[in-house]
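Protein chains in written order, with the working numbering: chain A, 1 to 327; chain B, 1 to 327; chain C, 1 to 327; chain D, 1 to 327; chain E, 1 to 327.
Hints may contain errors.
It does not matter which identical chain is meant; a pair holds if it fits inside one copy or across any two.
Restricting the straight-line Cα-Cα distance to at most 25 Å, the calculated cross-link-like pairs of lysine to any residue (SDA-like) are [as the list claims (entries may be wrong)]: (1) K119 - R237; (2) K206 - F321; (3) K323 - P180; (4) K319 - S239; (5) K120 - D233; (6) K13 - D233; (7) K96 - L318; (8) K23 - D233; (9) K323 - I229; (10) K3 - L308; (11) K319 - L64; (12) K23 - M313; (13) K47 - P226; (14) K47 - I229; (15) K111 - D266; (16) K319 - Y177; (17) K323 - L172; (18) K23 - L58; (19) K119 - S166; (20) K23 - L133; (21) K206 - D62; (22) K319 - F296.
Worth flagging that the hints you see were computed from the coordinates, not collected in a lab.
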Amino acid sequence: MIKTYYYNHDEGKMYHDVDLTRKAELLQDTRNLLWIDLYNCTAEELKYVGNIFDFHPLAIEDCLHDSPRSKVDRYEDDEDQYYFFVFHALRYDEEKEIEITTEELNIFLGKNYLVTIHKKPLQTIGRIAATSLRSYHYMNRGPDFLLYSMVDGITDEYFPILERISARIDELEDEIYVEPVHEITEEFLALKRNIVLIRRVIQPQKRIFANVNGRYSFEIDEENIPYYIDLVDHLERISDGVESYRDLISGALETYYSLVSSRTNDTIRMLTVISTVMLPLTFITGFFGMNVPMPFSDSYVATVTIFLGLMGMTYWMLKLFRKRRWI
Amino acid sequence: MIKTYYYNHDEGKMYHDVDLTRKAELLQDTRNLLWIDLYNCTAEELKYVGNIFDFHPLAIEDCLHDSPRSKVDRYEDDEDQYYFFVFHALRYDEEKEIEITTEELNIFLGKNYLVTIHKKPLQTIGRIAATSLRSYHYMNRGPDFLLYSMVDGITDEYFPILERISARIDELEDEIYVEPVHEITEEFLALKRNIVLIRRVIQPQKRIFANVNGRYSFEIDEENIPYYIDLVDHLERISDGVESYRDLISGALETYYSLVSSRTNDTIRMLTVISTVMLPLTFITGFFGMNVPMPFSDSYVATVTIFLGLMGMTYWMLKLFRKRRWI
Amino acid sequence: MIKTYYYNHDEGKMYHDVDLTRKAELLQDTRNLLWIDLYNCTAEELKYVGNIFDFHPLAIEDCLHDSPRSKVDRYEDDEDQYYFFVFHALRYDEEKEIEITTEELNIFLGKNYLVTIHKKPLQTIGRIAATSLRSYHYMNRGPDFLLYSMVDGITDEYFPILERISARIDELEDEIYVEPVHEITEEFLALKRNIVLIRRVIQPQKRIFANVNGRYSFEIDEENIPYYIDLVDHLERISDGVESYRDLISGALETYYSLVSSRTNDTIRMLTVISTVMLPLTFITGFFGMNVPMPFSDSYVATVTIFLGLMGMTYWMLKLFRKRRWI
Amino acid sequence: MIKTYYYNHDEGKMYHDVDLTRKAELLQDTRNLLWIDLYNCTAEELKYVGNIFDFHPLAIEDCLHDSPRSKVDRYEDDEDQYYFFVFHALRYDEEKEIEITTEELNIFLGKNYLVTIHKKPLQTIGRIAATSLRSYHYMNRGPDFLLYSMVDGITDEYFPILERISARIDELEDEIYVEPVHEITEEFLALKRNIVLIRRVIQPQKRIFANVNGRYSFEIDEENIPYYIDLVDHLERISDGVESYRDLISGALETYYSLVSSRTNDTIRMLTVISTVMLPLTFITGFFGMNVPMPFSDSYVATVTIFLGLMGMTYWMLKLFRKRRWI
Amino acid sequence: MIKTYYYNHDEGKMYHDVDLTRKAELLQDTRNLLWIDLYNCTAEELKYVGNIFDFHPLAIEDCLHDSPRSKVDRYEDDEDQYYFFVFHALRYDEEKEIEITTEELNIFLGKNYLVTIHKKPLQTIGRIAATSLRSYHYMNRGPDFLLYSMVDGITDEYFPILERISARIDELEDEIYVEPVHEITEEFLALKRNIVLIRRVIQPQKRIFANVNGRYSFEIDEENIPYYIDLVDHLERISDGVESYRDLISGALETYYSLVSSRTNDTIRMLTVISTVMLPLTFITGFFGMNVPMPFSDSYVATVTIFLGLMGMTYWMLKLFRKRRWI
């Protein structure tokens, strides 16, 4: 599906579903902005748009295949240049086995046009598109501001996920004292997997907007720079958070080992106590059960003596264990 | 609540609660200094001040939300430029479940004004404000010195916290030999959590003041540079300390594993000793308890012989265990 | 075996098995391209070709020996310069003890010629050679495009291997709950070994094509640069993937420890339960089995009382264990 | 205590306890050198000297407080510049609970003077002071050579400590097979603590003398540069050593885990053997001890048969265990 | 022992044992090359040579003491400059307790002379010296080629050691399933120690020859550069290998933990099975051994019933364990 949004600067008006064959005319005034949103599009539609803008075949191919690494590529044309971006939105579903999946968003950024390509509907894109039907709020500040709005929207969706992970780590730190091992280990693996995935997604995304020696990897209008600085700050914050969670998870896992080992120790201690008390008692009864003559074996004196002896022994051993703080 | 402190250089006098609408007049002489402290302010107050100084909406928004990452942003205005800082003070309360929390401090630094925004009262800010009511000690050396005084005050509050953590690690290294596992693991998790948090707070703070190729990320008066070098040294010291504590904690945790495992070994050894001694004895008494004819089973000779045999066996086994250093 | 493929630009035609002694004439027009493929060649053949192109003896020697590190060396000649590359293709065979082996590919890249040397047939080279017999698809865009096609083909062969490893990690995360330890540990070691090997192969390969300050380590035609950017992106993707797998494997192994320890705990708990129930019962029967007079020892009252007492004790203990969630 | 050493270049003579108020006159000739050693000095003495040389209050304050991080600060004066150094000497005492402590040495380095401040007597300073009473060996090559001599002396004191630690690691690797766990873990913690401390001390020290792009962080006379290169080499060597020890300690600790676990396994194996042999035997004797009629229960045939059966069973089980290499 | 090798370029001839006092004359033609090999030399011989070439006392001192870190120092003279290198050859002896030792090689590299100093005979030096008695193969391409030949020879000796370590890791991965713990842990410690040592030796060596921004840390003749590139490649290869081995060893050690823990689990399981089967049986025989009246206690019916009951119980329990896959 191809949807187009067109901002005419002179008229100060928004149009949609414009005729793409009029591209040259539409984009003549560099202050105009054309946004083409290809959602769940066929390869034909993609190639159709690609031809209109004369995009490089490698970039077109990247749109067709999943590429799990965000990036920006700069392509130079006869006339001008354009940039090709790959971004990733996160989808989080705690019920599924693989809790976090990524949704790819490909963007072509030209002088005064923007082409977005994605397989499934993205919340952020939908919101901006809905607004752009009526208002030029997102579209009258250049294509780099529109790009910023999209990436900022995607990035903001990371924060609730991070908060949920943070909450789950907190819960896990309490659960290790009560839950069975199967639940704990599965939760550990799931959290670790999530962290690994988010890191893998966020690191290249961060690098795209990094400011190296005052220069950006693509052209940004001077007055939009504060927005991009803010965006990088958000990405850094996510990145810092992920690193912290990594540390916390591995700390919790290490602690869990000690706990399990220590529980084993407790169990063995109980076994040792019961054996140490019972085995000698059983031996003594066995001794007096032998078919050999014993002194006083016919009188109740023996019975009472043995009984008291066994009681005393038990009492003394329990006392000893209590002293050693074993029970 | 908005409080203002104004230093008039020509008069060499401090004023407070000045009229902000006279801003232009107040700041005409660049050697004057205006400090506006917004404490627990409403969004309206914030916007009111923001309008007077014409601050960027992104910075204003950052003041309204918590941002867990310290940073400095440079904004350029038509007339001049200003810097927006986010700092974090630490609050430490060993009694709470989350022992360390951060308190955000936002600062706008202009040519001859400083605007501080914070939700809760901060000790350092309070102290400087109290002094500034009467004396221009903090305010006659430019806004960068005032900024330094604030950040230095916040930073100095980190040291007692680090010392307390260091002391707790020392205690922990002794406690692992005596305390129950639940206490130990909770202390480990708490310490690790604290370290992760302090690292996350201190690293971006350090970067703000880092001197890259002799240049600072914001403008510092030549004669105040030694103060900032001193500040960076303090931040480095905190950072070094935190790294060391990380190492020490993980070293202690690793050691704790060995201890727990070894204790398990001791318990099992005791169980093995008692079983090894008692089970054969019980077997022998069982043997002589069978309802089959035994030689001499009617005479006391058998009784005595068996008794002595059992004693001898026990003695011999205990001796063997002693030799093997098991008991 | 020496095979040659020659593209004549003026005629727009492909030739093969050309006479190498006519080298100077063939390469006169810099838009022509000569590709010499030495497969499973003898040292003599290698030296023969080396002499024709006057290659440096160090490079020739590198072709003769295995060098497990990819690299590019630049050699300068009187007339011109050429580059010597070492690449590695992966071969993956899950049945063998060492699952991943590398296949070396040496390439000389000159102004308008390319010499490839490899011991065993390589799928990618074979495919390109087959195409080049009839079409100049790979050969009319300069030697750097031909080089790109080869390296891209080799690199694409990494992806199915990575996917298989990813799938094996997923399986392993489930298997740790059911499989015996021997299988698990062997799988861990095999996966770790594979990861170590792929990392060792991919890192230097990545460095060869890295763009440092806009400069490549060898000369690339302006219009082929997008292809190399794409190649680097693929290599980065492999590298990112390998790092993630490393994390996942070590996470799974750490989890596995907890599992094993916890299972030990369960087993010991069962032993403790059975001992705690049985040892006291056995003691009581031993007590009444002693050859000393007991009250009511002749009537069925004793029998029934003891029996009920034993049953009650057992019931009470089982209830206690259930309450403690041990059984 | 203030001691002064003065080298007069023209006269080629050493003086000591010179009058500091004549400072300007003494230092007129830049080839002269004045060394002031403040040992265990009061704050007044420090301020007195600070005033004479007009040192920055921040540096003076740093002298009064402990600062656990070595550093060099450059201060610029109206007339000239000077450097303020913080160094740390190590004190090693294996008998104390905290084995390694640091001793701070503060140095002001001016054009032709050097001021050293330290709380306790330092061996190196004492040695140089003693020599300088009579000979100008250390003082006729500029203040940077005198500084080098001091730092080199301090650095050389690190090597015996490192060697002792290395020896203790070697011992530890043997002790893990014989010593009780308490000794082993305490030694581990002590060694780890020492390593962490030395690292924390040596890293900033190294950075002070690091040569970045051929420039040093302070001014060094051309002909003294080889000495500083040598010093950096020593510092690097210490740093390398510490890293290696870190690896070795953690390697030894990891090995120790396996050992402890394995010993537990051995103990349990012994328990299993004794139980597996004894429990069935006891059961059989119990069986024949029941008060029910048994065949041949009156003849010695039963006795002998049972006895031989028990012996056979024991023999067979022991053989089985031996075969399994359990005993 | 001092041996000298002299290549006269004009005559195209080798001389040996030349008179060092004629140094100036010998080295007049910069294309001549003088190599002085000091092997197992006394301090006097060293100082004698040092005086002839006017070497810096710090470099001479470094030759007299062991310095475990490879390095290159540049010394500038009135007339010209020279370089001082420290290299390390490895000696590997699996039989000794410390398997890998280093052999130091000190080299002075001047414009057309080379001085090598080493305590013990080095294979590589010996080989080159033997060749140089008759042929100028190593000596007619400048002192940097001679240096290359020596370092390359030393470096090539690392490879068989690495291969042996690799083979030992492979063996270890199999041995962890069969060998006793003492052997395994000692092998782990030995391998780890070797890896730590080789890393410590190879890293500084690598840095000496590293090409930073196209510049080497010492002067290399343009035409010898390919040789040094090749050398760096070898050093990188060693370095990569060592890192991989580190990973593999720690992977194997981690796996070994699981194995040991799992074996403990198996042993305990066997104990639990035997106890669970035997303790109830023994209890039942004890029950019928009590001196109280039992029904049918006089007839063979009781005997057979009990016997069958015990058999049935045992069968049922074994079946249960089999179902749970415990046996």
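The hints, checked one at a time:
no., hint, in the structure
1, K119 - R237, "between (28 Å within a copy, 21 Å between copies)"
2, K206 - F321, "neither (60 Å within a copy, 54 Å between copies)"
3, K323 - P180, "between (32 Å within a copy, 15 Å between copies)"
4, K319 - S239, "neither (56 Å within a copy, 51 Å between copies)"
5, K120 - D233, "between (28 Å within a copy, 24 Å between copies)"
6, K13 - D233, "neither (33 Å within a copy, 40 Å between copies)"
7, K96 - L318, "neither (52 Å within a copy, 38 Å between copies)"
8, K23 - D233, "neither (36 Å within a copy, 31 Å between copies)"
9, K323 - I229, "neither (65 Å within a copy, 58 Å between copies)"
10, K3 - L308, "neither (95 Å within a copy, 84 Å between copies)"
11, K319 - L64, "neither (76 Å within a copy, 58 Å between copies)"
12, K23 - M313, "neither (100 Å within a copy, 88 Å between copies)"
13, K47 - P226, "between (35 Å within a copy, 19 Å between copies)"
14, K47 - I229, "between (34 Å within a copy, 22 Å between copies)"
15, K111 - D266, "neither (70 Å within a copy, 67 Å between copies)"
16, K319 - Y177, "between (29 Å within a copy, 22 Å between copies)"
17, K323 - L172, "between (35 Å within a copy, 24 Å between copies)"
18, K23 - L58, "within (22 Å within a copy, 34 Å between copies)"
19, K119 - S166, "between (30 Å within a copy, 24 Å between copies)"
20, K23 - L133, "within (19 Å within a copy, 43 Å between copies)"
21, K206 - D62, "both (20 Å within a copy, 20 Å between copies)"
22, K319 - F296, "neither (31 Å within a copy, 33 Å between copies)"
Violated hints, listed in ascending order, are 2, 4, 6, 7, 8, 9, 10, 11, 12, 15, 22; each of the other numbered hints is respected by the structure.
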